[in-house]
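Using the sequences and the hints given, assemble the complete structure.
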Amino acid sequence: MNRYITLALVLLLLMGTVGCGWTGLDDQIASWKEMVKEPIDQPPDDVIDELMREPDPEETVKIKVQLYFARQNGDGLAVEEREIPKVTGIARATMEELLKGPNTEDLKSALPAGTRLLDINITPEGTCIVDFSSHITEVSGSRAEALAVFSIVNTLSQFSTVNNVSFLVEGKKVDSIGGDISTAEPVTADYGLSE
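For what it's worth, the numbering used here labels the leading residue of the sequence shown as 4, then goes sequentially.
Mixed in with the good hints there might be a few duds.
Claimed, not checked - Keeping only pairs whose Cα atoms sit at most 20 Å apart, straight-line, the calculated DMTMM-like set for lysine to aspartate or glutamate is: (1) LYS111 with ASP193; (2) LYS67 with GLU100; (3) LYS111 with GLU128; (4) LYS111 with GLU84; (5) LYS65 with GLU84; (6) LYS65 with GLU86.
Stated by the list, open to error - Computed Cβ-Cβ distance ranges for the label pairs, DEER-style: (7) LYS103 with PRO127: 26 to 36 Å; (8) GLY129 with VAL64: 48 to 58 Å; (9) THR126 with MET55: 15 to 25 Å; (10) GLU173 with PRO127: 21 to 31 Å.
Don't read these hints as lab results, they were simulated from the structure. Cβ atoms here follow ideal geometry from the backbone N, Cα and C, with glycine treated the same way.
Printed below as a string of structure tokens:
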């Protein structure tokens, strides 16, 4: 009989403990539900609008770059300054501007029509590796080839990270883009054509 009384007391204690535990848990859940119902402090609408708006093109930081184009009469290169957005990969953006051609009537592109920039990278040593479409090989004559090569090299050499330029065509190293000017080794700027 003592055994039954002890067992009954243990069961009563256990039920009381479990019952109190469940009651405490119910109270905790109720307080969490109240927290969820409370409004969260929201930033003012004007702050949200400012964060969501598109950047104004006039607010974009710009940089002046020098683009080397051929003179209309073909007797050398001339510089056209242009403001472009300052971006990571400024050499690529500058080459894209060069490929668009000049804005000035007395200048023309030194690069053959259809020439596209496929890739551009600058090594830690300062060699800018440019990869062009095969259109670049359509230059005719040594003068036109020199203007094309130095239009590119002089334009890229304005950046302190560029010491010289190495040429690829369709991903392959080329000894020359037109047969007369060697591009077998990286080419350094020559401003003699733009005097």
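Of all the hints given earlier, name the ones this structure violates by number, lowest first. 3, 8 and 9
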